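Novice: Listed below, chain by chain, are the residues.
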Amino acid sequence: MPMTGLGPHGERAAPADKLFLTAEEAAVAQVSRFTVAVVMHTATSDWARLAAAGIGETLGAYSAGVVEIVDCAFDKPMQNRELSRLASSRIDAVISIPIGVSGVTDAYRKISKSGKKLILIDNVPTGLLPGADYSALVSADNFSLGEIAARLISPHIADEGVAGILTYGADFFAANEREIAFRKWMGVNRSDITLVRGRFATVDEAGSAFDRLFAENADLDGLFVTWDVPALRALDAIRAASRILPLTTVDLGNAIATELAQSDLVKGIAAQRPFDLGVAAAIATLMSLTGRQPPPWIVTPGLAVTRDNLVEAYLTVWRAPAPALLFQAR
Amino acid sequence: MMPKAGEKAWYDQELSVTDAAGTTAPRRVGRPRTLDAGAASLALVLNLIRTGEATTRIEIEKLAELGRAAVVDRLATLEELGLVMEGELGAAIGGRAPRHLRFAAEGGTILVAVVDRSSLAVALVDLAGNSIVAHHEAADLGAGPEAILDRLTNLFIWLLDERGSKDRVWGIGVSLPEPVLIETGDSDAFGIGALETLQSWRRFDFGAEVSLRFGAPCWVQGGAQMMTIGELKAGAGKGLADMLFLKLDRSIGAGVAAGGRVQQGSQGFAGMIGHAPTGEDSEIPCHCGARGCLEALASGEAIARQGASAAQDGRSRYLAEMLERNGEISASDVSHGAQLGEAFCAEVLARCGRLVGQSLAPLVNLLNPAIIVLGGAVAQSGDILLAAIREAVYRQSHPLVTRDLRIVRSQMGSSAGLVGAAQVVCDEIFAPAMIKEWIAYGSPRRRPAFLDFLEAEKARKRKAAREQSQPRGTPANVPRHL
Numbered sequence: 057m058p059m060t061g062l063g064p065h066g067e068r069a070a071p072a073d074k075l076f077l078t079a080e081e082a083a084v085a086q087v088s089r090f091t092v093a094v095v096m097h098t099a100t101s102d103w104a105r106l107a108a109a110g111i112g113e114t115l116g117a118y119s120a121g122v123v124e125i126v127d128c129a130f131d132k133p134m135q136n137r138e139l140s141r142l143a144s145s146r147i148d149a150v151i152s153i154p155i156g157v158s159g160v161t162d163a164y165r166k167i168s169k170s171g172k173k174l175i176l177i178d179n180v181p182t183g184l185l186p187g188a189d190y191s192a193l194v195s196a197d198n199f200s201l202g203e204i205a206a207r208l209i210s211p212h213i214a215d216e217g218v219a220g221i222l223t224y225g226a227d228f229f230a231a232n233e234r235e236i237a238f239r240k241w242m243g244v245n246r247s248d249i250t251l252v253r254g255r256f257a258t259v260d261e262a263g264s265a266f267d268r269l270f271a272e273n274a275d276l277d278g279l280f281v282t283w284d285v286p287a288l289r290a291l292d293a294i295r296a297a298s299r300i301l302p303l304t305t306v307d308l309g310n311a312i313a314t315e316l317a318q319s320d321l322v323k324g325i326a327a328q329r330p331f332d333l334g335v336a337a338a339i340a341t342l343m344s345l346t347g348r349q350p351p352p353w354i355v356t357p358g359l360a361v362t363r364d365n366l367v368e369a370y371l372t373v374w375r376a377p378a379p380a381l382l383f384q385a386r
Numbered sequence: 241m242m243p244k245a246g247e248k249a250w251y252d253q254e255l256s257v258t259d260a261a262g263t264t265a266p267r268r269v270g271r272p273r274t275l276d277a278g279a280a281s282l283a284l285v286l287n288l289i290r291t292g293e294a295t296t297r298i299e300i301e302k303l304a305e306l307g308r309a310a311v312v313d314r315l316a317t318l319e320e321l322g323l324v325m326e327g328e329l330g331a332a333i334g335g336r337a338p339r340h341l342r343f344a345a346e347g348g349t350i351l352v353a354v355v356d357r358s359s360l361a362v363a364l365v366d367l368a369g370n371s372i373v374a375h376h377e378a379a380d381l382g383a384g385p386e387a388i389l390d391r392l393t394n395l396f397i398w399l400l401d402e403r404g405s406k407d408r409v410w411g412i413g414v415s416l417p418e419p420v421l422i423e424t425g426d427s428d429a430f431g432i433g434a435l436e437t438l439q440s441w442r443r444f445d446f447g448a449e450v451s452l453r454f455g456a457p458c459w460v461q462g463g464a465q466m467m468t469i470g471e472l473k474a475g476a477g478k479g480l481a482d483m484l485f486l487k488l489d490r491s492i493g494a495g496v497a498a499g500g501r502v503q504q505g506s507q508g509f510a511g512m513i514g515h516a517p518t519g520e521d522s523e524i525p526c527h528c529g530a531r532g533c534l535e536a537l538a539s540g541e542a543i544a545r546q547g548a549s550a551a552q553d554g555r556s557r558y559l560a561e562m563l564e565r566n567g568e569i570s571a572s573d574v575s576h577g578a579q580l581g582e583a584f585c586a587e588v589l590a591r592c593g594r595l596v597g598q599s600l601a602p603l604v605n606l607l608n609p610a611i612i613v614l615g616g617a618v619a620q621s622g623d624i625l626l627a628a629i630r631e632a633v634y635r636q637s638h639p640l641v642t643r644d645l646r647i648v649r650s651q652m653g654s655s656a657g658l659v660g661a662a663q664v665v666c667d668e669i670f671a672p673a674m675i676k677e678w679i680a681y682g683s684p685r686r687r688p689a690f691l692d693f694l695e696a697e698k699a700r701k702r703k704a705a706r707e708q709s710q711p712r713g714t715p716a717n718v719p720r721h722l
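The listed protein sequences correspond, in order, to chains D and L.
For the first sequence, my numbering assigns the number 57 to the initial residue and increments by one for each residue that follows.
For the second sequence, my numbering assigns the number 241 to the initial residue and increments by one for each residue that follows.
By construction, these hints were calculated from the structure, which means they are not laboratory data.
Keep in mind that this is a model prediction, so the values were computed, not measured.
Positions of the beta carbon are idealized from the N, C-alpha and C atoms, including for glycine.
It is possible that part of the hints are untrue.
Stated by the list, open to error - Mimicking PhoX-like on lysine-lysine, the simulated pairs with C-alpha atoms at most 25 Å apart in a straight line are:
{"hint": "1", "chain 1": "L", "residue 1": "478", "chain 2": "D", "residue 2": "169"}
{"hint": "2", "chain 1": "L", "residue 1": "302", "chain 2": "D", "residue 2": "166"}
{"hint": "3", "chain 1": "L", "residue 1": "473", "chain 2": "D", "residue 2": "169"}
{"hint": "4", "chain 1": "D", "residue 1": "169", "chain 2": "D", "residue 2": "132"}
{"hint": "5", "chain 1": "L", "residue 1": "676", "chain 2": "D", "residue 2": "166"}
{"hint": "6", "chain 1": "D", "residue 1": "166", "chain 2": "D", "residue 2": "132"}
{"hint": "7", "chain 1": "L", "residue 1": "701", "chain 2": "L", "residue 2": "302"}
Said to hold, decoys possible - Beyond 10 Å from chain L on every Cβ pair, some chain D residues (computed):
{"hint": "8", "residue": "61"}
{"hint": "9", "residue": "71"}
{"hint": "10", "residue": "171"}
{"hint": "11", "residue": "183"}
{"hint": "12", "residue": "239"}
{"hint": "13", "residue": "268"}
{"hint": "14", "residue": "292"}
{"hint": "15", "residue": "318"}
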């Protein structure tokens, strides 16, 4: 899968699978027993649990430990408070997914100013620079995820159709990149399609956001939602409106994978590889702790998933066999 | 000092002046009679608050040397315009607690863009230059100015949809690569691939076109200078007054900050360090026509060329494999090879670093900077290059100027240009002379001179379109059917 995006400061992507620790660095890590805290925007989604698993297993292999996982539940003030607390604690590093990029910079700076290493996932708070303020950003190639989602929905939207984009109202760099890429792909390959946008302020609000979008665009022919959890809410709203709308989204969570297998609505998913992302974040953290600067932007490639390759894709993403439900649909 | 009932305020009192001939004439003080004088003090008060020099009425009165009533009046105007807001209460020092005033940076937005050889970046920024949303993507300068302008337009519209509206755009800043801004003859100085494309870039008034599309004034500058400004504001140069910035990319450019200001030179071309003679001969002439220029020997283009040559004649097995795999050799292939320990690649980068360092050494002697910041893609190529540059500078410059000199890589990436562009727009919009021109109209986009400029540009385009639609050789006044 070709990488197509650029990082938050225009960086070229460094592939996650090329990341490694030298034998000396591994030896240093083993005796140092580093302690790491993980601060997440949410710890309850499938994506989050897989990423945390990747981090935990990898750190564990080098005798480092995850001392806590903080679930910030999309609450920025809470995330800022937790980061302040961690800045004065005795840990070695923090791996974190910032909730958005504004209003959080100072809290993150406290972490690096306190001498701890900071590895970011998905978003970089505005004003933070790699090297000075954080060691690396690890993310999926969100630009290519948006392109994949556009490519997967295009065959299901007739000429001159209307495609809706449902995205987060806050400043999520990852979601922005997916949306820009979706629009760009459509502009180049399906300039006949009209694009309209709806925004949800919170994930739970995604259903009402869809209702609003649909109320203004009764001729909607398809929908792209920037990740799977709000996509599930949108699906509920679509069904409640008794419509059949093709939908694509990002992330191969269990519930959305089941929808892809069984329903007529979900046509494709641009999957991240959250476990691999967690592994890369952990290695970047250990590199940083043992004295080597990791690349500023480390990327895991996206994966285009349709019903045809769902079972294989599930294994790749989840590192576990697909549940029976997904087989039954075939 | 409020006037008693029936009494005129001190600033409204008619005073008289008697000249040497004994003629007396009335003189007014305090409240300005003309808009000019009012605008001048408005600009002064605004800038004091905006820069944080003064945040209470008392501080403003002192620094602006204006009376209380004048300050109250100006603040009322600025608050009405949405440029200044009351903030928190300060500490009381004998008397009422002063109310802090703050600059309402959210009162308008600024759009910025950086266009480079193979990427572009955009950002939406507030009136204090703080980034709100930013995005970088791959692009091809060879697509021509109209295609790039269209892409920027789409992205700007998306940014505005995210945060604000077109009416709130106060200014736009665009960074373009120097070769499309500078007439250096007909050579293809940027490897765009088609001379025609380069010329189409040079003929295209990018700033005017952007202004027309968004109805806001647009400032365009070269990439190295924009990055220098950005680096000085928010990067390795933060807090320093004297900095040298080097953009090591496909081409080589520099920026000089002296006394806290980035130097532009008498015609705005300061920084063409790529054409410093190295004293060595280059295989091919430089784009400027001379041989042995730094750019011809040490730029990203030169590195790629040397790498391709070694790939073909067997001097580097690693590069030969890369050539086989990708069909071409880029500077980053050579960097990667050096990082993996490949001898030829390491030697190329070491030589590049030495030549760059040798060119920098006399500049360091001249300018005595506190720091040299290396930006651009080639600068990120690893430690060999950095070490070679450091070695040459420390060896060849005078010990007095190198004793405390730091030479570092930029960490801002392409964001340096975005920050620089934002700073340029803020400096332009809030220059005292400029504020005076727009303050009466609420925002720079409604400044009369700018509106006149837009009308003139629209008229020029209409005329050009009419001329283009007429077939060649047909005089305008001959009816078509004859």
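Novice: So, for every hint listed, does it hold in this structure?
Specialist: Going down the list of hints, with the structure as the test:
{"no.": "1", "hint": "478/L to 169/D", "verdict": "holds, 17 Å"}
{"no.": "2", "hint": "302/L to 166/D", "verdict": "violated, 36 Å"}
{"no.": "3", "hint": "473/L to 169/D", "verdict": "holds, 20 Å"}
{"no.": "4", "hint": "169/D to 132/D", "verdict": "holds, 20 Å"}
{"no.": "5", "hint": "676/L to 166/D", "verdict": "violated, 41 Å"}
{"no.": "6", "hint": "166/D to 132/D", "verdict": "holds, 15 Å"}
{"no.": "7", "hint": "701/L to 302/L", "verdict": "violated, 50 Å"}
{"no.": "8", "hint": "61", "verdict": "violated, 7 Å"}
{"no.": "9", "hint": "71", "verdict": "holds, 12 Å"}
{"no.": "10", "hint": "171", "verdict": "holds, 18 Å"}
{"no.": "11", "hint": "183", "verdict": "violated, 7 Å"}
{"no.": "12", "hint": "239", "verdict": "violated, 7 Å"}
{"no.": "13", "hint": "268", "verdict": "holds, 16 Å"}
{"no.": "14", "hint": "292", "verdict": "holds, 27 Å"}
{"no.": "15", "hint": "318", "verdict": "holds, 35 Å"}
The structure shown violates the earlier hints numbered 2, 5, 7, 8, 11, 12.
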